[in-house]
Every structure is written in structure tokens, then in C-alpha cells.
Amino acid sequence: MAKNFSIKHQPGFTAIAATCFIVLYLPIIVLVIYAFNAASSTSEWGGFSLKWFQSAWQNTQVVDATLRSFQIGSIAAVLSTIFATMAALATTRTAPYPGLTFKYAAINQPLMVPEIVTGVALLIFFSRIKIFTGYSGIGYLVAAHTAFCIPFAYLPIRARLENMDLTLERAAADLYATPWKAFRRITLPLLWPGILAGLMLAFVISLDDVVITEFVKSGGQDTLPTYMLGQIRRGITPEINAISTAFLLLSVAIVTLFFFVSRKRD
Amino acid sequence: MPDKPDRNAIEVVNVSKIFGSGEGQVAALDTVSVSIRENEFFTLLGPSGCGKTTLLRLIAGFDFPTAGEILLYGQDIAPLPPFKRPVNTVFQSYALFPHMTVADNIGFGLEMLGKPKAEIKARVAEMLKLVKMEALAGRRTSQISGGQQQRVALARALAPQPKVLLLDEPLSALDYKLRKEMQIELKRLQHETGITFIFVTHDQEEALTMSDRIAVMSSGKILQVGSPWDIYDKPAERFVADFIGETNFLTAAISEIANGKARATLKSGATIEATVAQGFQPKPNATVVVRPEHAKLTKAKGELSGTVDNIVYFGTDTHVHVHLDSGELFTVRQQNTRSAGCGFEKGDAVGILIGSDAAQVLKD
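Chains A and B supply the protein sequences, listed in that same order.
The opening residue of the first sequence carries number 1396 in our numbering; numbering runs sequentially from there.
The opening residue of the second sequence carries number 3 in our numbering; numbering runs sequentially from there.
Please note that the accuracy of each hint is not assured.
The calculated SDA-like cross-link candidates involving lysine to any residue, where the alpha carbons are at most 20 Å apart (straight line), are [to be verified]:
1) A/K1612 x A/R1628
2) A/K1576 x B/K86
3) B/K86 x A/R1579
4) B/K86 x A/K1612
5) B/K165 x B/K182
6) B/K134 x B/K182
7) A/K1576 x B/K119
8) B/K269 x B/A255
9) B/K86 x A/R1565
10) B/K117 x A/P1574
11) B/K117 x A/R1579
12) B/K86 x A/L1563
13) B/K86 x A/W1575
14) B/K117 x A/T1573
15) A/K1576 x B/E113
16) A/K1576 x B/P100
17) B/K165 x A/R1565
18) A/K1576 x B/F64
19) B/K117 x A/K1612
20) A/K1576 x B/P83
21) A/K1576 x B/P88
22) B/K263 x B/K303
23) B/K86 x A/R1628
24) A/K1576 x B/M102
25) A/K1576 x B/L82
Source of the hints: derived by calculation from the structure; they are not laboratory data.
With the hints as constraints, model all of the structure from the sequences given.
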């Protein structure tokens, strides 16, 4: 055995690592740089300018789609986090039994089924409901987003529950707390960082979705990602870069927050 | 010692607890019955897996018996959930609520009972004083040491004035010195509060020093219940004799039983007087136990004879291992003095003197 084996000392390590980082980040860096382009091209530099940010800000379609994205995202995140919390409690606060693994799989179904399949299935399913009810509002998008956000909210909540000392709940019961009071006073406050993390993750996932939204949305129900997709078909201006950059910043901010919240102990 | 006519705080009646089902069935408790008196420091002692913690959990309500009754002052509490039992627990891991202060932890039980704020405040202050933690009332429980957490856990469990306090190996996480301190502290608390304590431990020394009475458990059964003195000096079964302290086992023929005493004829041919349990019948092949400190080494003739095999120095005393002429092994414990040596050397031919009240006959 080699003494002090370290992957860092393998030949070519630095080159491979550098290549990976470049492949990952160079396109994003280029995109961000051209968001500040004064020219109308996404490939030729015409000097620094913030005009595309301004133009996006004044574009009512962009604002409209952004607001819709936030609306759907926040409702779907809250709903999916509530369902995920209940599911996480039900799957961790019980002795293992046959079928539990199947339940984990069922809860995580949206992670396994291809999005395009879910999209087509929901399109057909919702079209039937539309015929019956005549309702064609934003509710379908909210329902779809809630469904596929559940596993993302579920994972951090379950992780936190599994790390939580069950004796604490037992101690609460021993000190005359009814199951509901023990949940409200002990489990919930200790679970809170996990719930917040789940909520943020679900929000980001919802904000980012294209495939299912594209299938489910009715006319005039563009979210920010589907609006951008539509624009690209018509030819690109740096306005798309500006929107993407703002979107990127928001995502990074939320994920960073998620990181700090989920790392927080007690 | 005659039984005091005290009331029983807890009566465990024919309780069994079976885990699993079918082939994989395990009886953690096998028709156990025991009575715990009011205001007593009662210890459940046994090795891990003997069922002592299971019994404690059944009394606390974290688990329910497969069969049998658990009476708290005559009322069957076995089917009640834990939050309906006037019994509190000190957990092995303390289980303090990490998002609350020391004072909030102590007040939690009273708050759940719906006591008025002023009463809770007064009682928490009283508890903080009882466990000498007044200065740290506002701290988070993660900001205090292990010994302090232990005190808070005790105060929290005592604050609602439970009828019985259950302690699940509460001292096992502490270092030796602190453990000794807390043993004395626990005795003091039990005395001052007058609450019945049920203490679970696998540490025989802890059990002997703290308890009013001890129940020795093994494989889901209670083997013997008695005062520390009873358990140590009059072990009824081989397991009890072996588990508590060190002891010597000798084969002997038992005859002439009268008034709890009998004549034991050892393999060496010597006869000694031994204590027997009631109802014991004479038997040619019984086991007699003698504690190492109840025998004496001599260079002259004794009841037993042999050669010194090994000498082990322990600071306070010295253990001399003797290979008996009968083939058995025997250990003698000698109190050390400051003058050098124990007076014997490896390979010495020695005699062993067994006092008239040193031997106990085992049931099996």
C-alpha cells in the first residue's frame, strides 16, 4: 500500500478538476457577462450597460410571468411542505414494518418517473377535469407543482427527524404532555430548520420547472421559465441573459440560505 | 430483617413482556412480580439484557405489558399512556429539551399539568435550589456540563412531585469522581423529597451503596429481592453470588440443618458452619459460597489448604489466589497496611481459615 494515499497526488488530477469546473461554470459566466452587454447581440461585446436589466424590468410580460412563478412557487412550496412534514412524521415515528420501503418509494415517485411522462399524464387528466368543471385557472399548475415538490421537501425533513432523539418526545410524554402538546412544544421547534429547508428547496424546484408547466399551463399562464423558452424560439437578445442572471442570483441566494438553515443545530 | 408494615407504592403482578412474534419471540420479562414500598430507594440490578430497563419502561408507560398488572397505590396503571401516570423518569441520556433554558426544562412538567405561572416559578426556584443550580437557570442545556445536565434532569423529573421517580442508569455517562458525588446527592434528594425512587443499574457497587432494597434480575426474571446486606451476604442463587462482588464457590455436603444453620463438609474433609435458606434439604453435593474478605490466610493449618498461585495488589487490599489441594481455586482478600508485603509469597503452602458466619449455601 502506498503511504498516505491521496487522490490529489494522482497524475492529471489538477487538469481533470480544472476541466470539470470550466465545463460547469464557463457557460454560466459567459451568460452573466453578456447580460451586461450594451449591444443587442449575445455573442459580440458592445460595452458595459445595465439596459437589458432595465428593459426586462419594464417588460410587462416578464413581470407578469415572474409574479405568476412566485405565486405558484410559494403556494406549492407551502402545501408540499405540509404534506411532506406529515409524511415524514408518519414514516419515521413508527417501528419499521413490511411495506415501509414501498411507502418511501411512493413518496419519492416524482423523483423516479420521467417528468415528460408526468407532464403528459397531467395534461390528459386535467383536460378531463376542465371539461367537467369548466375551471381553467392557475389551480392546475399549483396542484402539479405541489405534487412534484413533495419529495424535495420530504428529504430534509425526514433527515432531521431521523437525527432527532426520540427520547425527547418520550420525556415530554413522561412530563404530562399529550401527543399534540409534545409535538407542538418539542418536535415542531426542533424540526423547524428541516421544515424551512424543505420549504426553500420546494420553492426553488417549483420556480425552475419547465417540462410539467409547459404541458399543464393554459394560454396566458406562462411562468418565468416557460416565458423564457418561448422567447428563445423567437431569437435571443441579452434581455434573456439579464433575466437569467437575476434568476440565477435568486436561486443562489435561496440555496445559500437553505444551506445555512439546514446546517443550524438546535 | 422483618418486613415493615409500609404501604406499597408499586406492585408488579405477574408481568410478562414478549417482543416479536412466532419463531423470533423473546420474553424480555417472564412473569415478574415485585412490590416496591413507599418512600424506598429500590434498585433493579442486572447485566444488560436482563429486563431491568424493560420493567422500568413498563412502569413509565413507554411500553405496555403483554400480560400482568402494574399497580400504583392499588390502581392498575398498565394500560395508561405515560402522560396520564403520576410517575416521572430521569433518562440515561437525560433527554433535556435543547431549545429551552434550564428553568424552562424544569418547569415543563408543571406547565403541562396546567399549573398557574406563579406556582411554576416558585417551584422551579425551589428545584433549582434543591439541585444547587440557581446560578445557571437561564442557560441553554447545551451550555452546561454533563454533571449539571444530570442535576437539571433530576430537578425536571422531581418538579411535578411524582408519586414514583424512575431513574434509568442516570449515572453511567459520568466519570468516576462525579458518579461518586452524584450517588451521595441522589441519596440526599431521595431523603429530602421523600419520593419513592426506582433505580436501574448494572453497577453492583452503585446498587449496594445507594439502595434500601435491591432486586437482582437475569434473563427476564427477578432472582432475589433483599437489602444490600441480604444480597451480598446471603445470595440465594449462583447468579446472584457471582454477579455481586467476588466470591469463592466450594462443593460441600450439607447436613444437620437447624435454625437456618447447617454443617457443610468440604472436599478437604473439614467441616464449617454455613447459613441456609428456609426449606433447604440435606444434600451431598451442594455449593457453598465464601466471600474473599471473610476468609483468612494462615501459615498453620486451616479448614482448607493449598499453595499460593498469584498475589495481586489493589492499593487498599491484596488478593491472594490459592490453588486448593482439592483442585478448586480460592481467593482471599487481605486489607493492606503501610508496612511492606502481605506476608505470603507465590508457591507458599498455606491454610485458609473460614469464620463461623462466613459461608452461605446456595439453593441449586
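Hints, verified against the model:
1. Among the hinted pairs, A/K1612 with A/R1628 is consistent with the structure: their alpha-carbon atoms are about 18 Å apart, no more than 20 Å.
2. A hinted pair counts as satisfied when its Cα atoms are at most 20 Å apart, and A/K1576 with B/K86 qualifies at roughly 13 Å.
3. A threshold of 20 Å between alpha carbons decides the hint, and for B/K86 with A/R1579 the separation of about 18 Å falls inside it, so the pair holds.
4. Among the hinted pairs, B/K86 with A/K1612 is inconsistent with the structure: their alpha-carbon atoms are about 53 Å apart, more than 20 Å.
5. A hinted pair counts as satisfied when its Cα atoms are at most 20 Å apart, and B/K165 with B/K182 does not qualify at roughly 26 Å.
6. For the hint pairing B/K134 with B/K182, the CA-to-CA distance comes to about 17 Å; that is within 20 Å, so the pair holds.
7. Straight-line distance between C-alpha atoms of A/K1576 and B/K119 comes to about 18 Å, which keeps the hinted pair within the 20 Å bound.
8. A distance of roughly 8 Å separates the Cα atoms of B/K269 and B/A255; the hinted pair therefore holds under the 20 Å criterion.
9. Between B/K86 and A/R1565 the CA atoms are separated by roughly 13 Å; this keeps the pair inside 20 Å, and the hint holds.
10. Distance hint between B/K117 and A/P1574 is fulfilled; the C-alpha atoms sit about 19 Å from each other, no more than 20 Å.
11. Restraint check for B/K117 and A/R1579: the C-alpha separation of about 19 Å stays at or below 20 Å, so the hint holds.
12. The hinted pair formed by B/K86 and A/L1563 meets the criterion: a straight-line CA distance of about 17 Å does not exceed 20 Å.
13. Distance restraint check for B/K86 and A/W1575: the Cα-Cα separation of roughly 14 Å lies within the 20 Å cut-off, and the hinted pair is therefore satisfied.
14. At most 20 Å may separate the alpha-carbon atoms for a hinted pair to count; B/K117 and A/T1573 meet this at roughly 15 Å.
15. For the suggested pair A/K1576 and B/E113, the alpha carbons sit about 11 Å apart, so the restraint of at most 20 Å is met.
16. Restraint check for A/K1576 and B/P100: the C-alpha separation of about 17 Å stays at or below 20 Å, so the hint holds.
17. For the proposed pair B/K165 and A/R1565, the alpha carbon gap of about 19 Å is at most 20 Å, so the pair holds.
18. Of the pairs offered as hints, the one joining A/K1576 and B/F64 holds, with about 17 Å between alpha carbons and a cut-off of 20 Å not exceeded.
19. A hinted pair counts as satisfied when its Cα atoms are at most 20 Å apart, and B/K117 with A/K1612 does not qualify at roughly 55 Å.
20. Between A/K1576 and B/P83 the CA atoms are separated by roughly 14 Å; this keeps the pair inside 20 Å, and the hint holds.
21. Of the pairs offered as hints, the one joining A/K1576 and B/P88 holds, with about 17 Å between alpha carbons and a cut-off of 20 Å not exceeded.
22. Restraint check: the Cα-Cα separation between B/K263 and B/K303 comes to about 24 Å, which exceeds 20 Å; the hinted pair is violated.
23. Pair hint B/K86 plus A/R1628 does not hold up; C-alpha atoms about 67 Å apart against a cutoff of 20 Å.
24. Taking the CA atoms of A/K1576 and B/M102, the gap is about 15 Å. The hint holds against a cut of 20 Å.
25. Of the pairs offered as hints, the one joining A/K1576 and B/L82 holds, with about 17 Å between alpha carbons and a cut-off of 20 Å not exceeded.
The structure fails hints 4, 5, 19, 22, 23 (numbered hints given earlier, in ascending order).
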